[in-house]
Amino acid sequence: MNHLFRLSAGLLRSGTSGLYRRGPVPEGHVSLVVARLFSSEPENSELGQLIKKDKVVVFIKGTPAQPMCGFSNAVVQILRMHGVDDYASYNVLEDQDLRQGVKNFSNWPTIPQVYFNGEFVGGCDILLQMHQNGDLVEELKKLGIHSALLDANKDEQKK
Amino acid sequence: MLPLFRLARAPLTSLRLLPLRACSHTPMDRPVESSIRAKLSRTLAPTHLEVRNESHLHAVPAGSESHFRVLVVSPSFEGLPLVQRHRLVNEALREELAGSVHALSIQAKTPQQWSSDPSLAKSPPCMGGSKHDPGMRLRSDRE
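Going down the list, the sequences are from chains Y and B.
At position 83 of the first sequence the residue is numbered 83 (my numbering), and the sequence of numbers has no breaks.
At position 137 of the second sequence the residue is numbered 137 (my numbering), and the sequence of numbers has no breaks.
These are computed hints drawn from the structure, not numbers from a lab.
The reader is advised that the hints may include incorrect statements.
Here are the simulated distance ranges between beta carbons [said to hold, decoys possible]: (1) B:116 <-> Y:52: 35 to 43 Å; (2) B:99 <-> Y:151: 40 to 48 Å; (3) Y:148 <-> B:38: 41 to 49 Å; (4) B:42 <-> Y:148: 40 to 48 Å; (5) Y:143 <-> B:30: 37 to 45 Å; (6) Y:119 <-> B:98: 21 to 29 Å; (7) Y:153 <-> B:99: 43 to 51 Å; (8) B:47 <-> Y:144: 36 to 44 Å.
All values reported here derive from a predicted model rather than from experimental measurement.
Ideal Cβ placement from N, Cα and C applies to all residues, glycine included.
Turn these sequences into a full structure, and let the hints guide you.
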């Protein structure tokens, strides 16, 4: 399925391949805007490559510094609690084409959306349940990420 | 008890066909909620189902049916990971999610999970996202 992405004037930038606009990098997060035709094979499309560029990729409303939605904020806060602060976050409110595109790509109707190692994990509800039942610590370990909550637990045991 | 011939002549509106409810709303007032209940019941045969319209907790006009929380307890979820369970719910409500439903919180449990933890999760506080959401404005403009 081909997905058309229209560039809005404010997002066009010269000097790049025309594929991405690299936004400011607050707190180590990267904000990009996808502006290209999808290939007919989703896994080889730009979005397909985007989700694999970083171990943890989230599509949210707003930014990690300023989430614009309670559910997106929940994702940001959960990641923060686990000490995950080096991840890619994409603000779907900046680009309605990205917003619809990621819903089509993931076959998931809502935002936020979370990817680990290029694999779709789920939305806010799933991430919260994974956090509550301990699965998130294990999944982060598989990514090579040591959850801060493990250290917090160790400190508690030492007392 | 009314004689049968009087029942037959009575207009339908005078018959108490709907169960008495504490509130004055009828399914006709909440078409999306009714549709969500019906579709989840039909497709997942839940042993327990809760559908809550949480639109009033968000920055949307009064009376909206845009934000929902559903709790579905069904043996259909046995052996399925969370993401697959949620996909089943999403698929059942595809039409609603393509329409007015902007946000859907899902709890999908097996009967055993529900019996060991019969609690409904709470949604995080709204951060006013719908106010900044051109998609929502467009939708509300169309409605």
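Notebook entry, point to check: Taking 21 to 29 Å as the hint, is the beta-carbon distance of residue 119 of chain Y and residue 98 of chain B inside that range?
Noted result: holds, 25 Å
Note to self: Verify the CB-CB distance for residue 42 of chain B and residue 148 of chain Y against the hinted window 40 to 48 Å.
What the structure shows: holds, 44 Å
Checklist line | Whether the CB-CB distance between residue 143 of chain Y and residue 30 of chain B falls inside 37 to 45 Å | finding: The hint (37 to 45 Å, Cβ to Cβ) holds, given that residue 143 of chain Y and residue 30 of chain B are roughly 42 Å apart.
Next item on the list: Please test the hint of 41 to 49 Å on the beta carbon pair from residue 148 of chain Y and residue 38 of chain B.
Entry: holds, 44 Å
Notebook entry, point to check: Between residue 116 of chain B and residue 52 of chain Y, does the C-beta distance stay in 35 to 43 Å?
Noted result: holds, 37 Å
Next item on the list: For residue 153 of chain Y and residue 99 of chain B, compare the CB-CB distance with the range 43 to 51 Å and indicate the outcome.
Entry: holds, 45 Å
Margin query: Quick check on a hinted range of 36 to 44 Å for residue 47 of chain B and residue 144 of chain Y, using CB atoms only.
Written below: At 41 Å between Cβs, range holds.
Next item on the list: Could you check the hint for me, namely that residue 99 of chain B and residue 151 of chain Y are 40 to 48 Å apart, CB to CB?
Entry: Given a distance of about 46 Å, which is inside 40 to 48 Å, the answer is holds.
Hint compliance for this structure: every hint is met.
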